[in-house]
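Please put together the full structure from these sequences, using the hints given.
One letter stands for each residue in the lines below.
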Amino acid sequence: MGTISLEKRDSLYWLGRYTERVYTTLKAFYDYYDQMIDREADAYKNLCQRLDIPNIYESEEDFIHRFLFDSNDPNSIFTSLNRAYDNGILLRNEITSDSLSYLQMALDIYGASSHSDVPTMALLPVQDYLLAFWACMNDNVWDQRARSIIKCGRYVERLDLYFRLSFPTKDIERTLCKMTPRLKQCGMAYDQEVLDILYARVREKLLHTPGWRRECARLLMSLITE
Amino acid sequence: MKDIIAHGDNINVLLARYGVKFGIYKNGTFHEQLFPFDPIPRVITAEDFDYLERGLKQRVDALNLFLADVYSQKNIIRDGIVPEDFVFSSSGYLPECEGITPPAGIYSHISGIDLVQAKDGTWYVLEDNLRIPSGASYPLIARDLERKASPLAFREYPVRDNRDYAALLKETMDNVNLGGINVILTPGRYNAAFFEHSYLAEKTDSVLAMPNDLFVQDCKLYYRDDHGQKQRVGAVYRRQSDEFLDPCTFRADSLIGVPNLMAAYRAGNVAIINAPGNGVADDKGIYYFVPKMIRYYLHEEPILNNAPTYLPMYEEDRNFVLENLERLVVKDVAEAGGYGVVFGNKMSEQELADWKALIQREPRRFIAQEVIDFRDLEIIDEGKRVMRKADLRAFVLSGAETRVWASGLTRFSRNPDSFIVNSSQGGGFKDTWVLSR
Chain A
0 MGTISLEKRD SLYWLGRYTE RVYTTLKAFY DYYDQMIDRE ADAYKNLCQR
50 LDIPNIYESE EDFIHRFLFD SNDPNSIFTS LNRAYDNGIL LRNEITSDSL
100 SYLQMALDIY GASSHSDVPT MALLPVQDYL LAFWACMNDN VWDQRARSII
150 KCGRYVERLD LYFRLSFPTK DIERTLCKMT PRLKQCGMAY DQEVLDILYA
200 RVREKLLHTP GWRRECARLL MSLITE
Chain B
0 MKDIIAHGDN INVLLARYGV KFGIYKNGTF HEQLFPFDPI PRVITAEDFD
50 YLERGLKQRV DALNLFLADV YSQKNIIRDG IVPEDFVFSS SGYLPECEGI
100 TPPAGIYSHI SGIDLVQAKD GTWYVLEDNL RIPSGASYPL IARDLERKAS
150 PLAFREYPVR DNRDYAALLK ETMDNVNLGG INVILTPGRY NAAFFEHSYL
200 AEKTDSVLAM PNDLFVQDCK LYYRDDHGQK QRVGAVYRRQ SDEFLDPCTF
250 RADSLIGVPN LMAAYRAGNV AIINAPGNGV ADDKGIYYFV PKMIRYYLHE
300 EPILNNAPTY LPMYEEDRNF VLENLERLVV KDVAEAGGYG VVFGNKMSEQ
350 ELADWKALIQ REPRRFIAQE VIDFRDLEII DEGKRVMRKA DLRAFVLSGA
400 ETRVWASGLT RFSRNPDSFI VNSSQGGGFK DTWVLSR
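Going down the list, the protein sequences come from chains A and B. Residues in the first sequence are numbered consecutively from 0, following numbering that gives the first Met the number 0. Residues in the second sequence are numbered consecutively from 0, following numbering that gives the first Met the number 0.
No lab work stands behind these hints, which were simulated from the structure alone. Values in this document were obtained by computation on a predicted structure and should not be read as measured data. Don't be surprised by glycine CBs; every beta carbon is placed ideally from N, CA and C. A hint or two may mislead.
Unchecked claim - Here are a few chain B residues that sit away from chain A, every Cβ distance over 10 angstroms (derived from the structure):
{"hint": "1", "residue": "P82"}
{"hint": "2", "residue": "R146"}
{"hint": "3", "residue": "E170"}
{"hint": "4", "residue": "A208"}
{"hint": "5", "residue": "N211"}
{"hint": "6", "residue": "D212"}
{"hint": "7", "residue": "R374"}
{"hint": "8", "residue": "E377"}
Claimed, not checked - Simulated coverage check for chain B against chain A, where a stretch passes if three residues somewhere in it have a Cβ under 8 angstroms from a Cβ of chain A:
{"hint": "9", "stretch": "194–206"}
{"hint": "10", "stretch": "225–238"}
{"hint": "11", "stretch": "400–413"}
Structure representation (structure tokens):
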């Protein structure tokens with residue numbers, strides 16, 4: 000392809016972000032769901048707080064259903080998957096029909112899972128399809144820059160969620176290291192100083208102060224400058 | 000054949016997987032839905048296809064000559080073959096295209112000709128679509144999936160491969176490309192045929208462009224990248240209607256056009272596929288004159304038949320229509336997609352009277368045709384084989400030579416009492432198998 004328009008670049012970047020958001024948020028959801036089984040009633044409130052989304056849910060059941068499946072809730076995982084699809088469908092000839100088909104299947108099975116008695120089981124293939132989607136794109140997208148933009152979006156989103164959800168520092172550092180070459184290859188303007196600060200904060204290890212992850216999540220928002 | 004029918008559900012699963020959908024607006028809201036696929040293919044024998052191929056090439060060549068004539072010398076009008084007011088009162092006639100000769104002199108690069116086969120086997124042309132005929136992508140992807148789902152069927156039957164459509168389309172674009180990349184210009188994600196736009200872009204290795212991606216500078220069309228660099232566009236296969244193509248020339252309120260595209264086209268710096276202004280030749284009223292065009296331009300007898308058609312603007316025809324309305328089908332020449340079509344045999348006494356008054360008031364607005372009792376095709380409906388009305392959209396590509404794609408979109412009505420096969424009105428589709436022997 001070679002030439003990428005501004006709109007396509009945005010779609011590539013947000014395709015990466017939204018697919019990662021679905022994947023990692025689902026993983027996080029399973030952890031919190033597990034806590035809710037043990038009647039830790041505040042677990043979902045804690046998740047809302049960490050994700051900075053308003054707690055509009057009336058109960059655990061309401062949260063489980065709406066956070067997973069409500070397409071009118073802008074913060075639901077289903078909405079994120081729909082946004083991923085909205086971006087993906089604009090990119091058929093960049094990412095190929097084969098790649099897009101995995102996103103389509105993820106969306107179809109996600110929609111069908113809302114009727115399941117055990118949505119956590121029914122949704123497992125969604126993560127499988129997302130992994131297949133990324134692998135297929137990695138294999139089929141020959142334009143290195145297009146690939147890098149998607150991956151840059153993915154790792155920015157992953158970092159953001161890892162910071163917010165207090166993932167282990169080693170996972171955060173790995174993601175930062177994975178993101179950096181993609182950031183340089185994707186051709187988007189970024190703030191090197193912000194990147195340096197992120198590395199410094201993550202690598203402080205024993206010197207970590209309370210709230211350092213939140214501070215990093217805030218910094219991350221100013222990494223991409225265009 | 001049993002094999003492919005048995006795998007019909009698998010093929011529909013695969014079509015869903017690949018997002019083979021079309022969009023539809025209901026009450027102002029956009030919905031995407033799957034285009035129902037029926038596994039029993041329409042089979043066209045080699046002899047029938049030879050006949051259709053000759054007739055379709057002849058028809059499209061004549062239509063291209065008509066367009067070249069209408070926008071330049073107008074000999075066909077001067078010689079009294081087509082009435083002047085019929086051309087100039089057509090909503091598809093664009094005075095802005097007067098005097099423009101498109102690259103290679105081709106106006107209709109991709110023509111979709113709608114045909115039906117009567118019960119006696121005679122083929123009739125129902126409609127010519129020379130603006131932005133859609134639908135080729137559906138049998139194209141369906142064939143690919145059929146071969147995956149049911150490979151043995153294709154070993155057994157001598158079916159001509161239809162997967163060359165992308166190559167034909169690319170050659171058609173390359174033939175008129177004036178230097179630069181090929182672009183498929185889509186109005187956007189919420190266009191009814193967006194699947195087709197993106198799929199054809201992928202298959203032809205063209206750039207799928209949104210209107211904002213393109214701009215005109217010094218009468219040349221460019222594609223703009225995310226760093227503001229530009230790349231020359233040599234051919235643009237646009238998928239929006241003429242009136243929205245260029246807000247500086249046509250509708251000023253168009254948000255899905257490219258400002259000054261017509262200036263670049265007029266200057267001979269970019270090919271527009273299909274050419275603007277083609278609507279004058281696929282007007283339902285002009286359809287009546289296509290056999291006359293063939294005789295006039297090619298000095299040949301038409302190979303394909305028109306459905307018997309009456310033009311109420313002629314007194315003799317009008318009288319006939321008014322006397323026989325209850326057995327005719329009336330079509331509004333300004334409508335498309337199966338809309339504006341009414342059958343006399345479905346009208347009450349009052350409706351017949353109202354329609355007669357309307358036809359007398361606005362005779363130029365309508366054509367009337369004999370209802371062709373076209374051949375039903377078998378489809379699978381809830382596991383049973385049933386017969387339904389079906390048509391065929393054949394695709395003719397005009398490049399260095401005129402070629403007929405050895406396939407086509409067979410659309411069928413899912414309603415047992417309906418002749419309307421359009422996808423927007425609930426119809427489904429079949430693959431079209433052309434046999435090689």
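For each hint, the structure was consulted:
| no. | hint | verdict |
| --- | --- | --- |
| 1 | P82 | 45 angstroms, holds |
| 2 | R146 | 15 angstroms, holds |
| 3 | E170 | 18 angstroms, holds |
| 4 | A208 | 7 angstroms, violated |
| 5 | N211 | 6 angstroms, violated |
| 6 | D212 | 4 angstroms, violated |
| 7 | R374 | 34 angstroms, holds |
| 8 | E377 | 29 angstroms, holds |
| 9 | 194–206 | holds (count 7) |
| 10 | 225–238 | holds (count 4) |
| 11 | 400–413 | violated (count 0) |
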